[in-house]
Amino acid sequence: MPYVIPDVVDVKQRKTDIGPPHYKNFLPPVIQKNYGDWKTHEILSPGLMVHIANSGDKIWSVRVASPRLLSTDTLREIADIAEKYCDGYFRFTTRNNIEFLVSDESKVKPLMDELTAKKYMIGGIGSRVSNIVHTQGWIHCHSAAVDASALVKVIMDEFADYFTTKETPNKVRFAVACCTNMCGAVHCSDIAYVGIHRKLPRIDHENFKNLCELPTTMASCPTAAITPDPAKKSIKINADKCMYCGNCFSVCPSLPIADPENDGVAIVVGGKVGNLRKPPMFSKLAVAYLPNTPPRWPEVVKATRKIFDAYIAGAKKHERVGEWIERIGWEKFFAVTGLPFTFQHIDDWTYAFKTFRTSTQIKWVK
Amino acid sequence: MTKKYDTPLLDELEKGPFPSFVTEMKKAAAKSEMAADELGLLEKSFRDKVTYWKHGGIVGVRGYGGGVIGRYSQLADQFPGVAHFHTVRVNQPSGLFYTSETMRFFCDLWDRYGSGLTNFHGSTGDIILLGTVTENLEPLATVLSMNGFDLGGSGSAMRTPSCCVGPARCEWSMIDTLDITYDLTQEFQDELHRPQFPYKFKIKTVGCPVDCNASIARADLSIIGTWKGPIAIDQDKVKDFAKKGVNIQEEIVNFCPGKCITWDGNNLAINNSDCLHCMHCIAKLPGALKPTPPFGAVMLIGAKAPFVIGATLSWVIVPFMEMKPPYEEIKTLIRNMWDWWNEYGKNRERIGELIIRRGMREFLEVCGLEPTPEMVREPRNDPFWFWKEEDLEKKPWEEFLK
Numbered sequence: 014m015p016y017v018i019p020d021v022v023d024v025k026q027r028k029t030d031i032g033p034p035h036y037k038n039f040l041p042p043v044i045q046k047n048y049g050d051w052k053t054h055e056i057l058s059p060g061l062m063v064h065i066a067n068s069g070d071k072i073w074s075v076r077v078a079s080p081r082l083l084s085t086d087t088l089r090e091i092a093d094i095a096e097k098y099c100d101g102y103f104r105f106t107t108r109n110n111i112e113f114l115v116s117d118e119s120k121v122k123p124l125m126d127e128l129t130a131k132k133y134m135i136g137g138i139g140s141r142v143s144n145i146v147h148t149q150g151w152i153h154c155h156s157a158a159v160d161a162s163a164l165v166k167v168i169m170d171e172f173a174d175y176f177t178t179k180e181t182p183n184k185v186r187f188a189v190a191c192c193t194n195m196c197g198a199v200h201c202s203d204i205a206y207v208g209i210h211r212k213l214p215r216i217d218h219e220n221f222k223n224l225c226e227l228p229t230t231m232a233s234c235p236t237a238a239i240t241p242d243p244a245k246k247s248i249k250i251n252a253d254k255c256m257y258c259g260n261c262f263s264v265c266p267s268l269p270i271a272d273p274e275n276d277g278v279a280i281v282v283g284g285k286v287g288n289l290r291k292p293p294m295f296s297k298l299a300v301a302y303l304p305n306t307p308p309r310w311p312e313v314v315k316a317t318r319k320i321f322d323a324y325i326a327g328a329k330k331h332e333r334v335g336e337w338i339e340r341i342g343w344e345k346f347f348a349v350t351g352l353p354f355t356f357q358h359i360d361d362w363t364y365a366f367k368t369f370r371t372s373t374q375i376k377w378v379k
Numbered sequence: 005m006t007k008k009y010d011t012p013l014l015d016e017l018e019k020g021p022f023p024s025f026v027t028e029m030k031k032a033a034a035k036s037e038m039a040a041d042e043l044g045l046l047e048k049s050f051r052d053k054v055t056y057w058k059h060g061g062i063v064g065v066r067g068y069g070g071g072v073i074g075r076y077s078q079l080a081d082q083f084p085g086v087a088h089f090h091t092v093r094v095n096q097p098s099g100l101f102y103t104s105e106t107m108r109f110f111c112d113l114w115d116r117y118g119s120g121l122t123n124f125h126g127s128t129g130d131i132i133l134l135g136t137v138t139e140n141l142e143p144l145a146t147v148l149s150m151n152g153f154d155l156g157g158s159g160s161a162m163r164t165p166s167c168c169v170g171p172a173r174c175e176w177s178m179i180d181t182l183d184i185t186y187d188l189t190q191e192f193q194d195e196l197h198r199p200q201f202p203y204k205f206k207i208k209t210v211g212c213p214v215d216c217n218a219s220i221a222r223a224d225l226s227i228i229g230t231w232k233g234p235i236a237i238d239q240d241k242v243k244d245f246a247k248k249g250v251n252i253q254e255e256i257v258n259f260c261p262g263k264c265i266t267w268d269g270n271n272l273a274i275n276n277s278d279c280l281h282c283m284h285c286i287a288k289l290p291g292a293l294k295p296t297p298p299f300g301a302v303m304l305i306g307a308k309a310p311f312v313i314g315a316t317l318s319w320v321i322v323p324f325m326e327m328k329p330p331y332e333e334i335k336t337l338i339r340n341m342w343d344w345w346n347e348y349g350k351n352r353e354r355i356g357e358l359i360i361r362r363g364m365r366e367f368l369e370v371c372g373l374e375p376t377p378e379m380v381r382e383p384r385n386d387p388f389w390f391w392k393e394e395d396l397e398k399k400p401w402e403e404f405l406k
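Protein chains in written order, with this note's numbering: chain V, 14 to 379; chain S, 5 to 406.
Do not rely on the hints blindly, as some may be mistaken.
To be verified - Straight line, CA to CA, 25 Å or less: simulated SDA-like cross-link-like pairs of lysine to any residue:
1. V/K291 / S/G20
2. V/K367 / V/C255
3. S/K243 / V/G351
4. S/K248 / V/K131
5. V/K131 / S/G20
6. V/K330 / V/E180
7. V/K28 / S/P199
8. S/K204 / V/T53
9. V/K329 / V/T363
10. V/K291 / S/G262
11. V/K329 / V/I341
12. S/K335 / S/K243
Think of the hints as simulated: they come from the structure by calculation, not from any bench.
Use the sequences and the hints to build the structure in full.
Structural data, given as C-alpha cells:
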C-alpha cells in the first residue's frame, strides 16, 4: 500500500467508520500461505523461536524488549532492521515486545548480531520473565499515584538476566498499574505493583457544584462513604469508611487525592490468566505500602527480590507464583519471604468472609 | 533547537540493560517542543512525587464521539508545549502485525502532527499517539482515513476489540481470532466510534485456554477458543520428550487437573471424558499432543478491574459456540445483551455489574440462553431463591423421575 501525506489536507473529504485495515496486508507471505495450518514450534534460544507448518515451511521470530513508550526515531530504526532481514515484516506482542519475523533462516543470525550490536535486549520467550504490561503513570495521567514507566525500567533492569538467559519455574508475569483504576491487568499477574493513596480526598467545595455531578460522585464510592452536603452544595466524606481508592476523583476533579508524602506502591502476587493446570487466579496482597522514592524506587526492587528469589528457590517446575503459594500456604509464603503480615492483609471489604480460614488446617512455620 | 531541561533524576533511568523510556523521550525532545516540555514536566513530577496532568477534557473529530482523549497540563505556563497534549487512539491491525512501510507512515504522520512519542500499544490494544493539539486533530484523522486507518474507541463505547496472534502463527489457535476481531470491529463501527452505552465494553478473542491476551481478566466479553475432540497423541514424540529429560509423570501427569493422564514409561494415555481442556499437557509437549475438532469458543462475560464492586473474572455464559463467518450467532448475542444493558444499566455500570445486580436469570433469558452446570463453579448453598409464576405451573419431576 503506498501511503500519502499531502501538504494540504482537505478535511471535508474524510471518510468515517472505515475501521482498521485488513490484517492480511501485514502478514508475511509464509504466514499467508500457512495461516491456520501450523504444526508445532520450538524455542531455540531465549529470544528465538521457530514455527513449523504442516507444509514444512518455517518462520523464525526474534523477540526484543521495548519500553512501549517509543519515539519515531526508534520506530524508524525498527522498520529499517525489519526491512533488512525480514522483508519489512514484524509485529508486537500483547506484552509490548517487538518480534522480527524472519522467513529466511540465513538471516536469523545476522539479525540477532545487529540487534545485539545496537544494544537491543533479546529474550523473553518461554519460562522466564517477559516484558511488563503497564499504564501511563506521571507521563500522561491525572490519577497516577506513582510513575509506571520508571517501575517497569527498574524491575526489568533488576531481573534482566531472567529475560535474556536464565529460566524461572514457569513464566513470571509482572504488571504495573499507577492507580487502583488498574488500566493494566495487575489483578491477575504473578507479581504486580499498584499505586495507592493513604489519605482522604480533599474536597474543593467551591468548585464541586460547577464541575461535579452529585449522584455520579456518590455512586463512584465502593464503600458508600460519600453523602450530600446540601448547605455547601457539595459532599461530605465519612472518614471511617473511606478506603482512599480515588474512584471519586475519577468522576469529580474537585476531589484531589494525590499526596506526595503518603502515596506509594503496594505489591500483589499470585495471579494468572491462563487456564493451564489451575483456573485463572487473582493477585493477592503481599506488601501493603512502600514509599514513592523516585527515580529508582529501591525499596520496591528489594521487596520484589525477596518474593522472586523465594519463588525460584521453592517452586516446582511449571508452577506459577500463585500455584507455588497455594501449595506451600500463605503462612509459609510470609515466612520464606520475610515479609510482614499486617492488619492491611486481612480483608475488610464486601466479601471479606470468603477469605477467612474456616478450618483448622494450619502449617506451623516458626 | 528545542528547549533543553536538566533532568538529573530521569537520567538515572537511562542506566541499566532494559531499554529506557527516558532515552525515547530525549530522542523525541530533540525534534519536538512538545516532547521537550513533556520531558521537563516529567522531571518535575519525579522531583515533587506527584502527577501534573489535569483531568481529561472533551476534544474530538467531527462525526466521532471518541478516539481522542483530551489531556492538559496543570503547569501550562511553565511548560507551554504540553498545555495541550492529547492522546489519539488508532485501531490496530488484528494480531499487531506491521510492515516497515506502514511504520514509517506512522512516523511521518506523527512527526508532522504530534510530539513524536507513541505507545505500541495501549493496554486495550490501540496504537497510541501521545501528544497533539486540538487544531491538528481534523487533518490527522483525515490523513489516517486516506491511508486506510481509523480511530479506536474511548469513553462509554465498545472499545477497540483485540486478540492474540492466533492462527497467523500459533498451532493451538482453535478459532480465527484475527478474523473474528476484524469482523466484529467492522460490524460494530457505530458502537465503537459513538459512545452510547452505560460504560465501556471490551471484547477480547483468544485462540485457546492459554489466553495470551488476558481476555478472561479484562474483557467484558471474553471469546476463548476450545475443542471437543480427543487429544491426539504422537507416542514417538512423547518418548522423545522423555528421552530429552522431561519427567512425564512429574511434569505432565501429576499436574493434570482432570487426573486423566497415565504414563507407563512407554505409552501416554488420556481419558478424554475427564479432560478439563486446560492446555497444560499440550503446551508443555509441543508437537506431541494436539487438540482435535470440533473447534469452537467458550463465551464468558463480565471481567473488569476493581471499581466499583471489586475485580471480576469473566464467567461462562455459552460453554461452546461454533465460530464460523459471518459469526451471526455471536453478533445476535452481543446485540441482545447490549439492548438489555442499555435499558437497565446505570451510568458507569459495566455489564458484569448489572448482571450481578439483577441476576443471571434475567441476563440468560434476555440472551435466550438455557442454564447449564458449566456456568457455575457450584450451585448455590443458601436455601432461598426466586420463583416466577410461570415456574410454578411446570412439573419437571414428572419428566426427570420417569
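A quick look at each hint next to the structure:
no.: 1; hint: V/K291 / S/G20; in the structure: 36 Å, violated
no.: 2; hint: V/K367 / V/C255; in the structure: 22 Å, holds
no.: 3; hint: S/K243 / V/G351; in the structure: 42 Å, violated
no.: 4; hint: S/K248 / V/K131; in the structure: 35 Å, violated
no.: 5; hint: V/K131 / S/G20; in the structure: 15 Å, holds
no.: 6; hint: V/K330 / V/E180; in the structure: 10 Å, holds
no.: 7; hint: V/K28 / S/P199; in the structure: 19 Å, holds
no.: 8; hint: S/K204 / V/T53; in the structure: 37 Å, violated
no.: 9; hint: V/K329 / V/T363; in the structure: 34 Å, violated
no.: 10; hint: V/K291 / S/G262; in the structure: 10 Å, holds
no.: 11; hint: V/K329 / V/I341; in the structure: 11 Å, holds
no.: 12; hint: S/K335 / S/K243; in the structure: 45 Å, violated
Violated hints, in rising order: 1, 3, 4, 8, 9, 12; the structure is consistent with all others.
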